[in-house]
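K.L.:
Here's the letter readout for the chains.
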Amino acid sequence: MTSHVDDANRRDFLVVAGNAFAAVGAASLIWPFVQQMNPDASAKAMASTEVDLAPVKEGQAITIMWRGKPVFVRNRTKEEVATAVEVKLTELPDEEARNGALPEATPATDANRTKQGHENWIVMVGICTHLGCIPKGQSMNDAKGDFGGWFCPCHGSHYDTSGRIRKGPAPRNLEVPPYEFVSDTKIKIG
Amino acid sequence: MSGHTSSYEPTSRWGKWWDERLPIPRMMHGQFVAFPTPRNLNYLWTFGGILMFCLIAQIITGIVLAMHYQSSDVLAFNSVEHIRRDVNFGWLIRNMHAVGASMFFIAVYIHIFRGLYYGSYKAPREVLWILGVIILLAMMATAFLGYTLPWGQMSFWGVTVITNLFSALDTIYTGLGTAIVEWLWGGYSVSGVTLNRFFSLHYLLPFVLTGIVILHIWALHVSGQNNPTGLDIKEPSESVPMHPYATSKDIVGMFAFLILFAWFVFFLPDYLGHPDNYTEANPLVTPPHIVPEWYFLPFYAILRAFTGSFLGIPLGSFAKLFGVLAMFAAVLILAFAPWLDTSRVRSAKYRPLFKWAFWAFAFTCVALGYLGSKPAEGVYVMWAQIFTVLYFLFFLVAMPVLGLIETPKKLPRSINEAVLGPDAAAAKH
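For the record, the sequence lines run as chains A and B. Start counting the first sequence at 1; every next residue gets the next number (our numbering). Start counting the second sequence at 1; every next residue gets the next number (our numbering).
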């Protein structure tokens, strides 16, 4: 029995190799069962939407659906733009622009949340960044909160006229989706 | 299973045949007929049996409802109305199931508070207690998934708010929370895809629950039941066989409970629900006040207590994460009660200070429930923050500190002495 030690090593190797093989096999079998729950091809396919802005007069707002989410489009008045521009960054709980088209850590100035030459238009995903309710403020007689923008009735988050969080439990500014002006009165979201 | 041997003797040939092969009758006799129960159990000990009834009733009514329900976002809302109006006795079975969820929680909360009052969580019942906490969590998950299925406004927005809780993880690692939420939804928002998987899981969980309940009962039958004195059974005369003594008391308690149950089913089926859930789900309109079912309100109040600042302490962008953590901690902290409580005396009957702390805690839970039903603004937020602090103080301060500083009342020497008085107990010897 001179090969006793060698046998033990061979057996260890076989056990480790066998178990490793089984573990990889199990993981690759589990993966489809995890992955099947992620958004499927049909959900991903609803990528972009075009919106005609011509009928939206100054001070009015519309809500459209993009990827199953409501998107707020507001034609802001000059006063609303002015109040949004005047706000200092230090007054904001979230200092990032949250603009899908700009890199992270871009400061949350009003200019960084709108498109140059179209500063009156604010386009945002209308979902409160706290727990996903739809904030009020789109129709004329809605409560617009302490900062004249939007107010989420669920847990009391107040957003300003640039959709930035000012008061309440929401951690982030309303998200600006990637979009572009295809003409002066038409945008394409996504 | 436990320290007593079964006195079961099969009398028929059929009984003997089974006893040698699969002795289920022997086990049932030992555990549920001859099993020694403390002679001094009060009606608060009938809730275990009541909860077993609730679980079975929910499973039976649920299986029947699933025969008529459609788990598609287009059909779900109408299929529930179809059950209520068209299906033979559908109105009855749906009411039993919907009211049954509330009754289940009434019973489980009484059961938990009984355990807290009489120190049922202490050694040697820690595992029994922790299994109970896991059962509570599984019940909450099942109830939450089930409330989605009628696909009304509260269903939809309740799911939206609760699944979004996980997005708080974005504060720790960017994108992690969002990835989890989209995985749960199967899309970029709550949709029919979400409804379908929630139905599947709502059907699954009660059976998982049944498995944990069996472990819970097993653990109970190893340590034996606690009792109002918190003392251990020291001699056979301090216990009575489970049947017919405990079972007949259980039946009285169960009938009282069923009267309340039936009253809601027949006269107030929608009283515990919310009128907004009779409006079909609409992803573009959030109801002005989203409130969960009543049994989640205290935890909801804790979640919402964390606004931009907590009792004057600014939280900034961590408010959401803290709210979520506090809400989960409020349930999970129960699991640590066996080690947080330092007192060697089990029953609050003999703990003058803990008794006050217990009732203050009970009041705190009711107050949080009330605040959870109110809008999160103004003075309600401040009170929710105060009661959230009190909720955790009960576990983190009252439990450890009172055990050290409190002088307990003189304990009776035995259950017999507590029940019969010292002279009669001595005569029993």
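Treat the hints as calculated values from the structure; they're not laboratory data. All residues carry an ideal CB built from backbone N, CA and C; glycine is no exception. You may find that some hints are simply not true.
[Said to hold, decoys possible] Here are the simulated DSS-like cross-link-like pairs (lysine-lysine), alpha carbons at most 30 Å apart as the crow flies: (1) 144/A to 16/B; (2) 374/B to 136/A; (3) 88/A to 44/A; (4) 69/A to 144/A; (5) 349/B to 249/B; (6) 69/A to 44/A; (7) 167/A to 374/B; (8) 144/A to 167/A; (9) 44/A to 78/A; (10) 69/A to 115/A; (11) 69/A to 374/B; (12) 78/A to 115/A.
[Unchecked claim] Covered by chain A, according to a simulated footprint, are these stretches of chain B (three or more residues, beta-carbon under 8 Å): (13) 111–120; (14) 133–145; (15) 182–189; (16) 345–353; (17) 362–371; (18) 374–386.
[To be verified] Distance ranges between label pairs, derived from CB positions: (19) 14/A to 20/B: 49 to 57 Å; (20) 49/A to 183/B: 19 to 27 Å; (21) 19/A to 251/B: 41 to 49 Å; (22) 178/A to 72/B: 27 to 35 Å; (23) 82/A to 393/B: 43 to 51 Å; (24) 55/A to 275/B: 29 to 37 Å; (25) 55/A to 282/B: 19 to 27 Å; (26) 251/B to 143/A: 50 to 58 Å; (27) 251/B to 65/A: 37 to 45 Å; (28) 143/A to 252/B: 48 to 56 Å; (29) 251/B to 27/A: 49 to 57 Å; (30) 222/B to 142/A: 55 to 63 Å.
K.L.:
Decide, hint by hint, whether the structure agrees.
P.N.:
Here is how each hint holds up against the structure:
Between residue 144/A and residue 16/B, the direct Cα distance comes to roughly 78 Å. Violation of the 30 Å bound is thereby established for this hinted pair. The hinted pair formed by residue 374/B and residue 136/A meets the criterion: a straight-line CA distance of about 18 Å does not exceed 30 Å. Simply put, residue 88/A and residue 44/A have alpha-carbon atoms about 38 Å apart, too far for the 30 Å limit, and the pair is violated. About 20 Å separates the Cα atoms of residue 69/A and residue 144/A, which keeps this hinted pair within 30 Å; it holds.
At most 30 Å may separate the alpha-carbon atoms for a hinted pair to count; residue 349/B and residue 249/B meet this at roughly 22 Å. Taking the CA atoms of residue 69/A and residue 44/A, the gap is about 13 Å. The hint holds against a cut of 30 Å. Between the alpha carbons of residue 167/A and residue 374/B the distance comes to roughly 19 Å, so the proposed pair stays at or under 30 Å and holds. Using a Cα cut-off of 30 Å, the hinted pair residue 144/A and residue 167/A holds, with the two alpha carbons roughly 13 Å apart.
With a CA separation close to 37 Å, the supplied pair residue 44/A and residue 78/A exceeds the 30 Å bound. Simply put, residue 69/A and residue 115/A have alpha-carbon atoms about 21 Å apart, close enough for the 30 Å limit, and the pair holds. This hinted pair checks out: residue 69/A and residue 374/B have alpha carbons roughly 27 Å apart, not beyond 30 Å. A distance of roughly 15 Å separates the Cα atoms of residue 78/A and residue 115/A; the hinted pair therefore holds under the 30 Å criterion.
Three residues within the 8 Å Cβ limit are the bar, and the stretch 111–120 of chain B against chain A gives 0, so the coverage statement is violated. Using a Cβ-Cβ cut-off of 8 Å, 0 residues of the stretch 133–145 of chain B lie near chain A, which falls short of the minimum of three, so the contact claim is violated. Closer than 8 Å: that is the beta-carbon criterion, and the stretch 182–189 of chain B has 8 residues meeting it against chain A, so the requirement of 3 holds. Counting residues of the stretch 345–353 of chain B whose CB falls under 8 Å from any CB of chain A gives 0; the rule of at least 3 is not met.
For the stretch 362–371 of chain B, the assignment as covered by chain A is violated, since 0 residues bring a beta-carbon within under 8 Å of that chain's beta-carbons and 3 are needed. Figure legend: the stretch 374–386 of chain B, annotated as covered by chain A; annotation consistent (4 residues with Cβ-Cβ distances under 8 Å, at least 3 required). Judged by the Cβ atoms, the range 49 to 57 Å given for residue 14/A and residue 20/B is violated: they are separated by roughly 43 Å. Range check, residue 49/A to residue 183/B: Cβ separation about 24 Å, and the 19 to 27 Å hint holds.
Separated by about 54 Å at the C-beta atoms, residue 19/A and residue 251/B break the suggested range of 41 to 49 Å. In this structure the supplied range 27 to 35 Å holds for residue 178/A paired with residue 72/B, their Cβ-Cβ distance being about 32 Å. Residue 82/A and residue 393/B have their C-beta atoms about 48 Å apart, which keeps the hinted 43 to 51 Å range intact. With their beta carbons about 35 Å apart, residue 55/A and residue 275/B fall inside the hinted range of 29 to 37 Å.
Between residue 55/A and residue 282/B the beta carbon distance is about 23 Å. The supplied range of 19 to 27 Å therefore holds. The beta-carbon spacing between residue 251/B and residue 143/A, approximately 54 Å, falls within the hinted interval of 50 to 58 Å. Evaluation of the 37 to 45 Å hint for residue 251/B and residue 65/A yields a failure: the beta carbon distance comes to about 56 Å. A C-beta distance of roughly 53 Å is found between residue 143/A and residue 252/B, which places it inside the suggested range of 48 to 56 Å.
Range check, residue 251/B to residue 27/A: about 51 Å between beta-carbon atoms, so the 49 to 57 Å window is met. The supplied range of 55 to 63 Å is met by residue 222/B and residue 142/A, whose beta-carbon atoms lie about 60 Å from each other.
Checked against the numbered hints above, the structure violates hints 1, 3, 9, 13, 14, 16, 17, 19, 21, 27; every other hint is satisfied.
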